[in-house]
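Trainee: So you can see what is in the structure, the chains are spelled out below.
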Amino acid sequence: MLRLEDVAVPMDGRALRMDLRLQAGARIAVLGPSGAGKSTLLDVIAGFRPVTAGRVAWKDNDLTAAPPEARPVSILFQDGNLFPHLSVARNLGLALRPDGARPDTTGRARIDAALSEVGLAGMGDRRPGTLSGGQQSRAALARVLLQDRPVLLLDEPFSALGPALKVEMLDLVRQVADRLSALTLLVTHDPGDALRFADEVVLVADGQVHAPVPAAQMMADPPAALRAYLGAQDSD
Amino acid sequence: MAARLVAITAALALACLTLGPVLAVLLRADGVTRLAPGDWQALRFTLWQAVLSAAFSVLCAVPVARALARQSFPGRGLLVALMGAPFILPVIVAVMGLIAVFGQAGLLNDGLRALGGPALDIYGLHGVVLAHVFFNLPLATRMLLQGWLAIPAERFRLAASLGLTRRAQFRLIELPLLRRVLPGAFAVIFVICLTSFAVALTLGGGPRATTVELAIYQAMRFDFDLGRAALLALMQLGLGLAAGIVALTVSQGSGFGIGRDRIVPRWDGRGRRGVDACVIVLAAAFLLVPLAMVVLRGLPGLALLGADTARAAGHSLAVALASTALCLAWALPLATRRGELLALMAIAISPLVLGAGLFLMLRSFVNPFSMALPVTALVNALMALPFALRILSTEAEAVRADFSRLRATLRLTQAAWLRLVFLPRLRRPIGFAAGLTAALAMGDLGVIALFADPDRATLPLQVYRLMGAYQMQAAAGAALLLLALSFALFWLFDRGGRVNAEA
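Protein chains in written order, with my numbering: chain F, 1 to 236; chain Z, 237 to 739.
Just so you know, the hints here were simulated from the structure itself, not pulled from any lab data. Predicted model, so just to flag it, every value in this text is computed and none were measured. Glycine is no exception: its CB is placed at the ideal position from the N, C-alpha and C atoms. Misleading hints may appear alongside valid ones.
[As the list claims (entries may be wrong)] Per the computed footprint, the stretches of chain Z lying under chain F, defined by three or more beta-carbons under 8 angstroms from a beta-carbon of chain F, are:
(1) 641-648
(2) 657-668
[Stated by the list, open to error] Computed from the model, here is a short list of chain Z residues facing chain F with C-beta under 10 angstroms:
(3) Gly256
(4) Phe522
(5) Asp638
(6) Ala651
(7) Leu654
[To be verified] In silico negatives: residues of chain Z with every beta carbon more than 10 angstroms from chain F:
(8) Arg240
(9) Leu248
(10) Pro273
(11) Arg312
(12) Gly342
(13) His362
(14) Arg391
(15) Thr401
(16) Arg407
(17) Ile409
(18) Gly542
(19) Ala549
(20) Asn603
(21) Leu609
Make the full structure from the sequences, and use the hints.
Mentor: Next up, the structure:
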């Protein structure tokens, strides 16, 4: 279980407060208005942002002071998930060998398997720049498979993709998350994504990260803060 | 943590090697020796020639930059790129070229003689100023051009649609730009000219055209008056620091212009094509004819290259490569915004001051003359460091900003980060910085003059010696060799950074 206990982070002069527990292996969508602190929540979990109060813990380990590299977390950013000057296979190899050494035979086989799993079989020698946006996301997800960490954070990684492609990628994320049994947090603007992907929704609004609510229930009876954000959807 | 340690070590080494010699100078200057009356004259001359050089460079740059900004013509991009060449052009080569055009037996005097006019003499104040304008007119032009191209095209369209007169347009659009850029350009060039040594050595000299730097050299080499040399170095240090601080405050944000090959669609260039063409042709001729003369006069001289010149060329190559390695070893760990500030220290301290300080320090341990080449390599690395940092730090910061999170989430080790990400991503700027450093070190005629004995000449010094011995053909050949080697070094390194480098 991931626990955020009475955590406060300074954000644009005010504080973002969070106090919640997330079950291992759960799939969670993070919804909320722009600038409310959705990415900040991920940064706190990943360790990119120090907290001023409270405690962050995974299972029995206190992570509050742990640097990003010491946390059981893999993360996909909005962009820049791959080193553009290294081949896809080399990029994936870094997940197995953080010292930059070339992977051994077993490692290479694992890389190939991960690539096939995301539908990129045989593309290991390509540079990321020669892949389409969707393929780059797939390559990054293949690396997440290799990193094999129990918490997976996705910070709107598919916002630049078209609707059909995005649906495909969300299904792939589901598949990857299931394979790893990872607690997965997906930041999104789109309630449709939330319903398609998540069991639970965490709402970030009004300086507060709310406790998770089952996705269907949240959408059927949205709280005031979410209604205000969804707004336009009510009218049609 | 390891990276931090390396950065701190690099910073400390930099501080020791700049402040150490200064301290040595300070200690030695505290003697009974007095400045000679000629030394105050040198101070006045240094200031006066720097004022004139900066003023002429900046004033002449205005019409050139204006013409380049509002006209487009084939070869414009090449010309803008060529404006960057004087930066890596060895001073002694430029001086040879200028003598070939403006000297006693130069093109201009030939023409004047044919017309029955008076003969011009290139030696003295006007020669020094001429050479400084040759080097700094392109710099000023690039700085101005950058400002000009930064004016949004809409402004000019608005001016056209309002039917503004030329005068009104100048007052409303261009004058504010000039007011913003010119003081900075003037200040930067003024500072550069304050530390002029090689130009003054070759075209100045004598009691009426000696800079402080040249006076340091003369005090050390001819009078062997180390106390006076130290006092002069102190004077130069104060001058450099004061002017550097003034330049920094005046030139906030303007930086060294990088001539962008961008043409803002302009509406005001049409009626002015004739004037602009004249200006551009004149400026191009002023820059290119001397270089062409170096090549023309150098070709026959190549046959006269002796064993001495070959050995000097070998020394110069070794010095250039050592300087480049040293400079990069310093620049990479310090390539942050804070490191850049630190390296500004090196800008204010002139090579001759450093050289004099190192001479005083070394004297108690070894025969300083035997250290001529290592000292030259060291001082040149220090002199190139601010430029290398300027080139590297922005991009290094960008690489860190772009990939530091990915690096953390992948748990990359320090070595893997350096080998796989940091250095490969910086290949282009590293190649460019290495090229500049190598070319600058190759062509430098400064501290080597202080230390050199006949066995340890570099190629620029060898050219100077051949000139002094009136072996003009051999000097021209050696100058051409120097020119070729400097540009080749720059090209090789810069090219090495580009080949196969992918975005």
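Trainee: Please go over all the hints and tell whether each is borne out by the structure.
Mentor: Here is how each hint holds up against the structure:
Counting residues of the region 641-648 of chain Z whose beta carbon lies closer than 8 angstroms to any beta carbon of chain F gives 7, which reaches the threshold of three, so the coverage claim holds. Coverage of the region 657-668 of chain Z by chain F holds. Counting CB-CB distances below 8 angstroms, 3 residues qualify, and the rule asks for three or more. For the restraint placing Gly256 (chain Z) at the interface with chain F, the shortest Cβ-Cβ distance is roughly 38 angstroms, beyond the 10 angstroms limit, so the hint is violated. This hint is violated: Phe522 (chain Z) has a C-beta 42 angstroms from the nearest C-beta of chain F, more than the 10 angstroms allowed.
Taken as an interface hint, Asp638 (chain Z) checks out: its beta carbon lies about 6 angstroms from the nearest beta carbon of chain F, inside 10 angstroms. The beta carbon of Ala651 (chain Z) comes within 7 angstroms of a beta carbon in chain F, closer than 10 angstroms, and the hint placing it at the interface holds. A cut of 10 angstroms between beta carbons decides the hint on Leu654 (chain Z): the least distance to chain F is about 9 angstroms, and the hint holds. With a cut of 10 angstroms on Cβ distances, Arg240 (chain Z) stays outside the contact zone with chain F, its closest approach being about 14 angstroms.
No Cβ of chain F approaches the Cβ of Leu248 (chain Z) within 10 angstroms, the least distance being about 27 angstroms, so the stated non-interface status holds. Listed as outside the interface, Pro273 (chain Z) is consistent with that label: its C-beta sits roughly 62 angstroms from the nearest C-beta of chain F, beyond the 10 angstroms cut-off. The beta carbon of Arg312 (chain Z) is kept farther than 10 angstroms from every beta carbon of chain F, the shortest such distance being approximately 31 angstroms. A cut-off of 10 angstroms between C-beta atoms confirms that Gly342 (chain Z) is not in contact with chain F; the least separation is 51 angstroms.
Its beta-carbon lying about 52 angstroms from the closest one in chain F, His362 (chain Z) satisfies the requirement of being farther than 10 angstroms from that chain. Distance to chain F confirms Arg391 (chain Z) as a non-interface residue, since its nearest Cβ pair spans about 34 angstroms, more than 10 angstroms. A cut-off of 10 angstroms between C-beta atoms confirms that Thr401 (chain Z) is not in contact with chain F; the least separation is 48 angstroms. Remark: the non-interface label on Arg407 (chain Z) is consistent with the geometry, its nearest Cβ contact in chain F lying 43 angstroms away (cut-off 10 angstroms).
No Cβ of chain F comes within 10 angstroms of the Cβ of Ile409 (chain Z); the nearest lies about 38 angstroms off, and the non-interface call holds. For Gly542 (chain Z), the shortest C-beta to C-beta distance to chain F comes to about 47 angstroms, beyond the 10 angstroms cut-off, and the non-interface label holds. For Ala549 (chain Z), the requirement that its beta carbon stay farther than 10 angstroms from each beta carbon of chain F is met, with the minimum near 37 angstroms. With 10 angstroms as the threshold on Cβ separation, the claim that Asn603 (chain Z) sits away from chain F holds: the shortest Cβ distance comes to roughly 47 angstroms.
Distance check on Leu609 (chain Z): its Cβ is at least 37 angstroms (rounded) from any Cβ of chain F, clearing the 10 angstroms threshold; non-interface status holds.
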